[in-house]
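*Asks:* The chain contents come next:
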Amino acid sequence: MSTTNEPPQEESTTFVRPPKKTDWLTIAIRSGVAAIVTVLVCVFLLRPMIINGESMQPTYSGKGFTFAFLPYFKLYSPQRKQIVILKHAGFNTFLLKRVLAFPGEVVEIRNGVLYVNGSAVDEPYVKNPCDWNFGRQEVPKGKIFVLGDNRSMPMKQHMGGMIDQDRLAGVPLW
Amino acid sequence: MAATRFGRLQWIELALVASLTLAAVWFFFLRTDDASRVRARLREAVEFAEKQPKGSGFNLQNVGASHTVGDFFTEQTDVEISGESRGDVYTLAAESRAQVISSYFLLRPLLASLSVSLAEIDVTFADDSHKTAAVKCSAMATGVTVNGDHYREGRLISAEMVLDDGEWRFRSLRADPVVSFFTEADGAQ
Numbered sequence: 001m002s003t004t005n006e007p008p009q010e011e012s013t014t015f016v017r018p019p020k021k022t023d024w025l026t027i028a029i030r031s032g033v034a035a036i037v038t039v040l041v042c043v044f045l046l047r048p049m050i051i052n053g054e055s056m057q058p059t060y061s062g063k064g065f066t067f068a069f070l071p072y073f074k075l076y077s078p079q080r081k082q083i084v085i086l087k088h089a090g091f092n093t094f095l096l097k098r099v100l101a102f103p104g105e106v107v108e109i110r111n112g113v114l115y116v117n118g119s120a121v122d123e124p125y126v127k128n129p130c131d132w133n134f135g136r137q138e139v140p141k142g143k144i145f146v147l148g149d150n151r152s153m154p155m156k157q158h159m160g161g162m163i164d165q166d167r168l169a170g171v172p173l174w
Numbered sequence: 001m002a003a004t005r006f007g008r009l010q011w012i013e014l015a016l017v018a019s020l021t022l023a024a025v026w027f028f029f030l031r032t033d034d035a036s037r038v039r040a041r042l043r044e045a046v047e048f049a050e051k052q053p054k055g056s057g058f059n060l061q062n063v064g065a066s067h068t069v070g071d072f073f074t075e076q077t078d079v080e081i082s083g084e085s086r087g088d089v090y091t092l093a094a095e096s097r098a099q100v101i102s103s104y105f106l107l108r109p110l111l112a113s114l115s116v117s118l119a120e121i122d123v124t125f126a127d128d129s130h131k132t133a134a135v136k137c138s139a140m141a142t143g144v145t146v147n148g149d150h151y152r153e154g155r156l157i158s159a160e161m162v163l164d165d166g167e168w169r170f171r172s173l174r175a176d177p178v179v180s181f182f183t184e185a186d187g188a189q
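Chains as they are written, first to last, in our numbering: chain A, 1 to 174; chain B, 1 to 189.
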């Protein structure tokens, strides 16, 4: 029979915390929630937009970036000379234009000058010379008349005119 | 054990994400009501109209497109696609399935490629029988002509579709520019 004469070991009083495990599932779920919230904000509140095109020069250069504030026209009505974002077609194409006339008003462009109900409209944002001519037309019910600021481009290449009022999508933040 | 590592909050979050995902999958892919059948038929018609550029591989749908385009229209139909392209106002009109097919053969060779995306599809049934549907949507057509000109045109589509021999077909189809200098009354200027 053997006996050991080893001194009794003292109990350690130091507590060691186990290493914290990375909870990947929690991270994934929270990333998913953050992604859903971001998508909802971008779809219903502030939609990022890449500006591409010359029709609003010089107010907007040919390339740029802005956010469209989407609920604006649920709260307010469009104002004359206000820059608005309009739904064009598909999911990804919108138009950036300026509202110039409302239903019942008669629009006309003579030698580059816009007339609404026979009165010339002061348009300080139109910087370039314009030689457009466009016969008198009444804006139909449910539509608005919009144009871009760049009137130096050929009228044939400028996308403007009457558009359904319900295609107003929002306003640019800047 | 997962139950001890996974708190109640995490379970709620997981259930929320899973529910939203399932709802989205059902809403966009699995619904089979009459309105979604009309939408599916509309998308099918667009897929047949699309044209892939040369060199992008063999496309079976394009091969079959010319033979089946007539199937999307009733025998007597009313098609009017008007618009402005770089200032040129044009109108394409057809009053029968045969005219639709001949217009299709006439116009299709002018395009090297055509891609169409639909949005804002709204389907309204005329009555409870769900055999006649009014369809409104917007469409963006992009592509290249055989001359190499790139085009990108938006149109507002309004159509009447009817259930004819078990298939949804166009009884009328209009495509108008989204924004135009001309009102409807002056559209032919």
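One thing to keep in mind: the hints can contain errors.
Rough simulated footprint, nothing fancy, chain A against chain B, three-plus residues with beta-carbon under 8 Å [claimed, not checked]:
hint, segment
1, 8-17
2, 41-51
3, 118-130
Derived from the structure by calculation, the hints contain no laboratory data. Cβ atoms here follow ideal geometry from the backbone N, Cα and C, with glycine treated the same way.
*Asks:* Evaluate each hint against the coordinates.
*Replies:* Do the hints match the structure? See the list:
Counting residues of the segment 8-17 of chain B whose CB falls under 8 Å from any CB of chain A gives 5; the rule of at least 3 is met. Only residues whose C-beta sits within less than 8 Å of a C-beta in chain A count toward coverage, and the segment 41-51 of chain B has 0 of them, not enough to reach three; the restraint is violated. Remark: the segment 118-130 of chain B is confirmed as covered by chain A, as 3 of its residues place a Cβ nearer than 8 Å to a Cβ of that chain, reaching the required three.
Checked against the numbered hints given earlier, the structure breaks only hint 2 and satisfies all the rest.
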